[in-house]
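Read off the chains here:
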Amino acid sequence: MLNTTHTNQDLKIGEIRFVQHFLPSFSAGEYTLSIKQSVSGTGIKESIPANENYNQSHQFAVQADRFSIKPADIVTLFPPNANQGSYENCLPHIVLSNRALPWERELVTGVAPKVPGKGQVDEDYPSWMALLSFSASDFPVGTPSITSQSGTIADLIPTSGVGGKLPTNYTCYDGLVAHGKLALEHGEALDTPIVYIDIPADLFNSIAPSIDDLKLLAHGRTVEQSKKSEEQLDGAQNRDYSVIVGNRLAESGTTSFVHLVCLDGMGKYLPSGKDYNTTVVNETVRLVSMRNWQYTPRKDPEMFEQYLMELNNKIELSGTGQRKTVPDGANGMLRIPPLENSAKDNGVTAVNKALNFGYTAMPHLTRVGEETVSWYRGPLLPVSEPIAINETFPKFNSDSLLRFNSDNKMLDVSYASAWELGRLSALNTSVFAQDLYLWKKRQKQGIVNDVEQGLMQEKWSELLPFDSTQTAKNIVGNVAKIVGKQTKSTNS
Amino acid sequence: MIDQVEKAERLKQLYSDVPSLKAVIKQITTADPGRAEAEMDELNNLSRWTAKWRLLYNLPYNYLVPDGRMLPDESIRFFSIDQHWLDCLIDGAFSIGTSSSNDTQLMKALEPILTASTKLNVGGIRTGLLGNVLEFTEQNPTNVTGLLLNSKAVKGWPSMQVDGFADVAKTIPLKLLRMSCLSPNTLLCLFDGTVKTVDMHLPGEGLHFGFDALDQSGKVTFSHKMRYTSDVNGQTAGSEIPNVSVPLTFRSGSKKVVDVTALASNMLTQLTAAKAVPENWTSAEFGMEMVLGNPHVIYTPTEST
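Protein chains in written order, with the working numbering: chain A, 859 to 1350; chain B, 405 to 709.
It is worth saying that the hints were derived from the structure and are not from the lab.
Please note: incorrect hints may appear among the correct ones.
To be verified - For lysine-lysine, the following DSS-like pairs were computed, each having C-alpha atoms within a straight-line distance of at most 30 angstroms:
#: 1; chain 1: B; residue 1: Lys629; chain 2: A; residue 2: Lys1157
#: 2; chain 1: B; residue 1: Lys512; chain 2: A; residue 2: Lys1298
#: 3; chain 1: B; residue 1: Lys679; chain 2: A; residue 2: Lys1302
#: 4; chain 1: B; residue 1: Lys659; chain 2: A; residue 2: Lys1157
#: 5; chain 1: A; residue 1: Lys1302; chain 2: B; residue 2: Lys456
#: 6; chain 1: A; residue 1: Lys1085; chain 2: B; residue 2: Lys556
#: 7; chain 1: A; residue 1: Lys1317; chain 2: B; residue 2: Lys559
#: 8; chain 1: B; residue 1: Lys600; chain 2: A; residue 2: Lys870
#: 9; chain 1: A; residue 1: Lys1157; chain 2: B; residue 2: Lys559
#: 10; chain 1: A; residue 1: Lys1172; chain 2: B; residue 2: Lys556
Let the hints inform the model, and build the full structure from the sequences given.
Set out below in structure tokens:
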């Protein structure tokens, strides 16, 4: 099921491929495209000066998220936000739908991905995004913990001259100012809103990953989609994702706060060396937090498999507080559980027989105004094999589908309700109603034309230019055959 | 001029006889290939609506589950679809705009056409959602079964996957015809065939990373079981290597921060020692090694009558 092929083979159903990275064709930034054409040679007309160069240049910018991330780009947070479970042994991770995002910027300014030699795989390239986990226990009681603060890009820029508001003794993205001038990217301004966090230097040094760590903490995935629920589908058989993994486990019973932070150009401030003990940051590090969430590891878990294992069970707590699961009596089929019966019966056996087949007793106001109770069953039968009923359609009213149950002397309105629901649904779906009406009308028109032509041919066949026997020969097969033909042509 | 009285007479005669009316429709739709193609498009547009109804799209939940006791909180319920119920539904939908007795005769001739086309479209609805060209299934699904799951797990893990099988040993996978949420906590799955076993699990991109914790009288240690990174020694990539694991290396300090670089180099050493040397050692292989086993929950409906 898991696969790390570096080639682009097809994935089998449900298969996952781990991918080293999806490098962007262009990393974010401004580009100038220059074209130079020179003309030379013999026999060129004099109107074109020899060895003249023709230059054309075009500027463009590649934009990429830097200080914010679109909510739609986030596919999964793990552990789920505000969830409690046995996550003590898990590293948090985030799945992004933008497959190249983690490699779109330079963690170390000026260091771009290397082009591998022939036949060699790429070198790992560090991601500019990281997951930092903070624990409530990181802060002595009484000191402020990490809080997300709303601000603007101005809060990231030193106070010197260009309108920044970053206090001194803070380490932040220093690429935002170059040569005493603002160096913001397209779409960014001093007042662009951001969310940032302030991290004390020693805490940053002890939890921030190194450049080498960041080469391993992000990877790509290609996942075959055919087993997804419709809400998750986007019209593709295979889907690429990028995944960023955190580097810190959480303590049981202590809430862990995870921030997806931007480390654009921050490579030089990350801890390095053996044991991560070479550190260079000021008193406080200010980072932009693009997404944050929290989870709490607990011994008594709220886990995916836990929920599913306890389905169809009633949870009972015994006197000593122990959990006990008792099956709920429906045997996993879609029906109302049978009623308890007594020795007197009072019709319970008959009712249970109906419930067993998925029936529900519903109040029924009959056409004559009488209030009664009738059996109703939806299209979902609590048996594994379908029932076969032969009935001819069309019906022209729902009453012809009412049934009488001789066992318990009640009406069965199931099929009549289905018919009425179909009618209401059709009327409610105006596109369908119109198309159906037009289709019927056109068919009717065709029949009338056919009759008219028949009459004309009978009366004036010798005057008409076409041969009626030839037309008859063209009539091949039946409509089922056209459908069959269509099937073949679509499959081939 | 055409004699209007005679025309009306002929139409009346034609409408009184469904088989010959059908023959006329066939004649009209087959005599002209261009016309036949336009007819098919029109018919397909109509039957995509009806096919969706046959897969229970756009139907009120109360009609499907009329009583809350059928699907209480934290339950999974299996069912098969009553095709006759759906025939009645489609018949009701087809009945609109019928006013004269001529219309009813025409309907008798036209409805089988729509019914046939609808059934051919049922299998293609989900295929279309996967971005593939809509293809008609060779056999239209006549035996559709499924499940309803009402659990907080649906909301908490929206990317959950449900595999249906026609046998208990999970060897015959069933085609998924529909899988969608009817409400945040309610998931509907429909399969082409009789479902005997379902396997519910988390998907590939939701696999999570972590370690196996060993609690020895309060002192917890972590380690990680290694996997094959490629198909070697008759093993498939991703399967566990028996008895090969690495201890978790933390950075100094008590903050449980993983020394990622050291962990990765320990993994490579272990793989080499286990004669499962990876072809490449990149973030992809590291990512795959870090995956913790994914829980699968398997249900087999038990039917009793």
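For each hint, the structure was consulted:
1. With a CA separation close to 22 angstroms, the supplied pair Lys629 (chain B) and Lys1157 (chain A) stays within the 30 angstroms bound.
2. Of the supplied pair hints, the one linking Lys512 (chain B) and Lys1298 (chain A) holds, its CA atoms being roughly 12 angstroms apart against a limit of 30 angstroms.
3. The straight-line distance between the Cα atoms of Lys679 (chain B) and Lys1302 (chain A) is roughly 76 angstroms, outside the 30 angstroms bound, and the hint therefore fails.
4. Under the criterion of a C-alpha separation no larger than 30 angstroms, the hint pairing Lys659 (chain B) with Lys1157 (chain A) is consistent with the structure, at around 20 angstroms.
5. With a C-alpha separation of about 26 angstroms, the suggested pairing of Lys1302 (chain A) with Lys456 (chain B) holds against the 30 angstroms cut-off.
6. Restraint check for Lys1085 (chain A) and Lys556 (chain B): the C-alpha separation of about 20 angstroms stays at or below 30 angstroms, so the hint holds.
7. Taking the CA atoms of Lys1317 (chain A) and Lys559 (chain B), the gap is near 72 angstroms; set against the 30 angstroms cutoff, the hint is violated.
8. A hinted pair counts as satisfied when its Cα atoms are at most 30 angstroms apart, and Lys600 (chain B) with Lys870 (chain A) qualifies at roughly 23 angstroms.
9. Under the criterion of a C-alpha separation no larger than 30 angstroms, the hint pairing Lys1157 (chain A) with Lys559 (chain B) is consistent with the structure, at around 22 angstroms.
10. Under the criterion of a C-alpha separation no larger than 30 angstroms, the hint pairing Lys1172 (chain A) with Lys556 (chain B) is consistent with the structure, at around 15 angstroms.
Checked against the numbered hints given earlier, this structure breaks hints 3 and 7; the rest are met.
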